[in-house]
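S.K.: Put together the whole structure using the sequences plus the hints.
If you read the protein sequences in the order shown, they are chains D and Y. Counting in my numbering, the first sequence runs from -6 upward without gaps. Counting in my numbering, the second sequence runs from 119 upward without gaps.
The hints are simulated quantities; they were obtained by calculation from the structure and are not laboratory data. Remember, predicted model here, so these are calculated numbers, not experimental data. Wrong hints could be hidden among the right ones.
With a straight-line cut-off of 27 angstroms between C-alpha atoms, the simulated DSS-like cross-links for lysine-lysine are [said to hold, decoys possible]: (1) K496(Y) <-> K477(Y); (2) K58(D) <-> K477(Y); (3) K14(D) <-> K226(Y).
The residues making up each chain are set out below.
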Amino acid sequence: MALKKLDVRGMKCPIPIVKAKKEIDTMSPGDQLEVTATDPGSIPDFQGWAKTAKHAALKEQRTGKDETGREVYIHLLERTS
Amino acid sequence: MTDTSKDHTQPDVPAVDVGELLPRLDRGEKVLLLDVRNDEEFADWKIEARAPVETVHVPYFDFIEDTEGSIGRVPRDREVVVLCAQGGSSEMVAGMLTEAGIPSQNVKGGMIAYGVYLQPVRVPLAAAEAERFEIWQVNRRGKACLAYVVLSGGEAAVVDPSRHVEWYEGFVAERGARVVQVLDTHVHADHVSGGPALARRLGVPYFVAAGEGFELRQPVTPLADGAKLRLGGEKGVDLEVRIIATPGHTPGSTSFLVDGRYLLTGDTLFVASVGRPDLGGHVVEWGRALFHTLHTRLAALSDGTVILPAHYGGIQEIAENGVVWGRLGDLRKGVPELQIRTPEVFTEAVRGAVKDPPKAYAEIIKYNLGAQTASEEKISEWELGKNQCAAAAKKSAAG
Chain D
-6 MALKKLDVRG MKCPIPIVKA KKEIDTMSPG DQLEVTATDP GSIPDFQGWA KTAKHAALKE
54 QRTGKDETGR EVYIHLLERT S
Chain Y
119 MTDTSKDHTQ PDVPAVDVGE LLPRLDRGEK VLLLDVRNDE EFADWKIEAR APVETVHVPY
179 FDFIEDTEGS IGRVPRDREV VVLCAQGGSS EMVAGMLTEA GIPSQNVKGG MIAYGVYLQP
239 VRVPLAAAEA ERFEIWQVNR RGKACLAYVV LSGGEAAVVD PSRHVEWYEG FVAERGARVV
299 QVLDTHVHAD HVSGGPALAR RLGVPYFVAA GEGFELRQPV TPLADGAKLR LGGEKGVDLE
359 VRIIATPGHT PGSTSFLVDG RYLLTGDTLF VASVGRPDLG GHVVEWGRAL FHTLHTRLAA
419 LSDGTVILPA HYGGIQEIAE NGVVWGRLGD LRKGVPELQI RTPEVFTEAV RGAVKDPPKA
479 YAEIIKYNLG AQTASEEKIS EWELGKNQCA AAAKKSAAG
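M.R.: See below:
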């Protein structure tokens, strides 16, 4: 099972979810996608999207700092079917 | 909007400014507002207008996940205006709808733009007064904050300006006047004051009273209770603005009486409620001070005094002419808190009625005292949402 990373730092909605959906669509069931965003709105947005997403589940969300000290929001998604 | 919003191909959609949209919604035009924010943001803060706003809520990520199904949830019988937090997601959705044959417009800048939009409304004065001065109520609709520009004989006093200082400068200049004094009714807790910055830019005096227990680090030209400012003297108009200390909402709260008849009350007295005295952790002490202010300090003012507050609790408080105002005599009869005759009962009542404090109020107070600075982004985050400054604002029916 592969883990792919997606960097959407500095990008505002709708881009993080547009890109995440595009990636998920190319992945196989069980594969995971780790999205790193800087928009705090991405937390509720990924939760909201995961509720209706046909092929993605939200496994984990956490916050951290990137190498420049910027606050980042990390979303771990899994391709479900 | 960032360049990356062009990541996916979509038709260009027409954009509408908040300043064009709001008057149309106020008039009750048949517009469907499609709000594409997430559930949380939608529940917290909505566009309000004087006529009911017909709103459909479908989050933008639903459009990404299931474009066709989501488009099917949008009624097709009227013009669609799409709204989101910052204008990017709504632009995408408006593009999808347009492509599907539903002509749509995008609200430029989204709720961020709504939160900073300023709508100036001229306060109607008696004919003899209007020859001598003008009062403009500047309504920051997204936050239900009211600022004032008092103009007389080419001179202006600006009261409770938001941080959009260029707007105020431009507004006064367009009226052929110059700002001679900037005033804050109190150290605001719900929004960042533009007062110090505006005064500094123009080299004019700035007044605010923080009151006991607060260290004010802004340069302030103090004005004592009972002091009188004069506007328009050079042109022989000589308009008087009297300083009245009205502690309670904060210990330093001050009201400004223009020409003996128009009282700019700040957060002391609203048209349907009174200010909340609990934001400093001394609700009993400040509550007693507010009671004393309302019943003793303002007792000498006639019933005909016109109250012009710094906030409104709901869109229904905007009168037919667009102004938020009230006759003191009507407020004395109608505001529930003013019916209470003992300070103990009053303090208990306002304590019991308070809601959550304004978001980030401690940070905002620190900023307004001059004790810290912040980036535009941070301030924007602090100021999101409507104010919560009244002791018992009724929930608005609109939205």
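S.K.: Which of the numbered hints above does this structure break?
M.R.: none
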